[in-house]
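Participant: Chains as they are written, first to last, in this note's numbering: chain A, 4 to 365; chain R, 4 to 365.
Just so you know, these hints were derived from the structure itself, not from any lab. The structure presented is a predicted model; accordingly, all values stated were derived computationally and were not measured. Hints should not be assumed to be uniformly reliable.
Same chains, same names: a pair is fine if it fits in one copy or spans any two.
Said to hold, decoys possible - Think about it this way: if two alpha-carbon atoms lie no more than 25 Å apart in a straight line, the pair counts; the simulated DMTMM-like pairs of lysine to aspartate or glutamate are:
id, residue 1, residue 2
1, K260, D127
2, K190, E268
3, K47, E315
4, K47, E310
5, K332, D237
6, K47, E62
7, K47, E321
8, K308, D120
9, K332, D309
10, K332, E51
11, K47, E359
Chain residues, written in single-letter form:
Number of protein chains: 2
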Amino acid sequence: MQRTHNFSAGPSAIPTEVLAQAQAELLDYRGTGMSVMEMSHRGKVFMEVAHQAESDLRELLAIPANYKVLFLQGGGKGEFSLVPMNLMGVAGRADYVNTGHWSEGAIQEARKYGAVDVIASSADRGFTYVPAQTAWSPNPGAAYRHICTNETIHGVEYFWTPEIGDGVPLVADMSSHILSRPLEVSKFGCIYGGAQKNIGPSGLTVVIVREDLLGRAHPLTPSVFDYAQQAASDSMLNTPPTFGVYLAGLTFQWLKKRGGLAAMEAVNVAKAGELYGCIDASGGFYRNTVEKADRSRMNVPFFLKDESLNAEFLRQAEARGLSGLKGHKAVGGMRASIYNATGLDAVMALTAFMREFAQRHG
Amino acid sequence: MQRTHNFSAGPSAIPTEVLAQAQAELLDYRGTGMSVMEMSHRGKVFMEVAHQAESDLRELLAIPANYKVLFLQGGGKGEFSLVPMNLMGVAGRADYVNTGHWSEGAIQEARKYGAVDVIASSADRGFTYVPAQTAWSPNPGAAYRHICTNETIHGVEYFWTPEIGDGVPLVADMSSHILSRPLEVSKFGCIYGGAQKNIGPSGLTVVIVREDLLGRAHPLTPSVFDYAQQAASDSMLNTPPTFGVYLAGLTFQWLKKRGGLAAMEAVNVAKAGELYGCIDASGGFYRNTVEKADRSRMNVPFFLKDESLNAEFLRQAEARGLSGLKGHKAVGGMRASIYNATGLDAVMALTAFMREFAQRHG
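Using the sequences plus the hints, can you model the full thing?
Facilitator: Next comes the structure, spelled out in structure tokens:
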């Protein structure tokens, strides 16, 4: 069996060790005679799986005790609605920073539930940078202030945490870079993300929310998506996506074995350095247009100088076992997503190919 | 490896053949070098998986062309909200028949979104029967009329399909018996169910909805839960739970190989006959209190005459590899859920044990 180097933006690579363990116990989870996915979510065995997953996630992210961790469904895009339904409350208005496609999706959806103020935007330069906080025009009366800390499509990442002076809770969509490095959870009111980048399979959503923000849900919020109700039920108000929770738990253990998030950050810095280095040293054959300080370590969009070579680039890459490199249709070109499970070896295989391709076609 | 006989109510048994195939291709789906769960949901390979799953489900249930099949998230309990959000529309009222715990859950949630008329109930006799349609008091102005066609906890099942004369769309929660026998889809406006009984792992929800009912969603419906928007996007408005869709597809193929739903019904009739036969022949040692005509073929709750033996019964059953027999806390006693993946062999192992236990303790 040959595993490809997987650069998909999501669903995306899962650590081979995690898949191998899931494979070994798929028909018989540790002597129970059944798969994890065949068990009652309220039975002792699965409850232990879920508790361990939460506990490991808390340890990895150093989540303070006054935050609840919820394992929900509906993905990041579902949260675009559920965040305002749960948090917009009586204020009826929220601040959003627009840094690209996913910020815009969140903004559009939030407008259903109240007034949205776009307090900063990088649309003026094609979403190639993060607007400095000095350029924001925040409203102290906002119910919350929303950012997308890694724009998967544009390849733009926050490497700083906004300092909020007016007490408005900071809410962040971290779908595509959570667990890639340590995080100061206490600076946020709520953090959310779909699992299908650094956590596990699609269909699982993680929400980390400060307890004092619970209980503000709009009366039409579906019960299974009411943060307070799910927090009170340990995310078991309805049947959770049990296999997803289990795989997330295996991934958290894999991260701990590799030294936690500081160690992952070092690897991710090396991976991103290798790939951006290759692009920048190509003499213009490849280019990435994002401000250097804001270049995402997880999603690296790049363009060939001669775009007529795009199809040939993808064909040759695929033939070398380098998969998922086509850019998102919203921006075109190429994109290499290099999440935790895509190792330095994969990135070096990609850069070796890129250099050869540039030499042949340059 | 010894697989237990799994009588869990859900999540529940998945066919061993389905798990074995998933296991074989977990790290390399058919030569792609990656797991199904690592692939882009918009790539050719996964799109084919999703299309095949939908096509096989359509074939199994003979779903007419004017119905959309949606693969969503949030489970049956999520649908308790999403059905009224999508279908209550301008009428602002709906009819519900109350046949037990899950009907009551649906009713309670629907009240958030409009007026609910409970047009029939079997609460008077502890939810041990299905009220005949002649006893219903339907409202012709209702946006829809809701039934739960199999009550998982009470073990009560509809073996007839209501004939709706006034044009009000019939909506059914079929979570716990869909695919157990053929179904006249055309008599319903909308059918929904969580996957974790007869379809696949938890985290996947199937909705089958008649096209003319689309486009009535409440303005606050989250986009990812708007039937019309998801129908227009082939359920890919957001990232679907891809591994769940894949496993559902494998289950649909397993059902087709076994002869489809008529063949499954024959097996399910035999299984239920064996188990209820054992209960009824026990001279009162075991009893099931449901009207014989309405006894569920999927969920068989039963009580020991001497309830002080409950713990011993469960202990001995577990020791014989018979798992998940404890009744739901709302009713107590025992419950054997005998979904499609729990075969006649498992039921016969259970009845053999039950007879022995009755002999030893009777």
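Participant: Which of the numbered hints above does this structure break?
Facilitator: 1, 8 and 11
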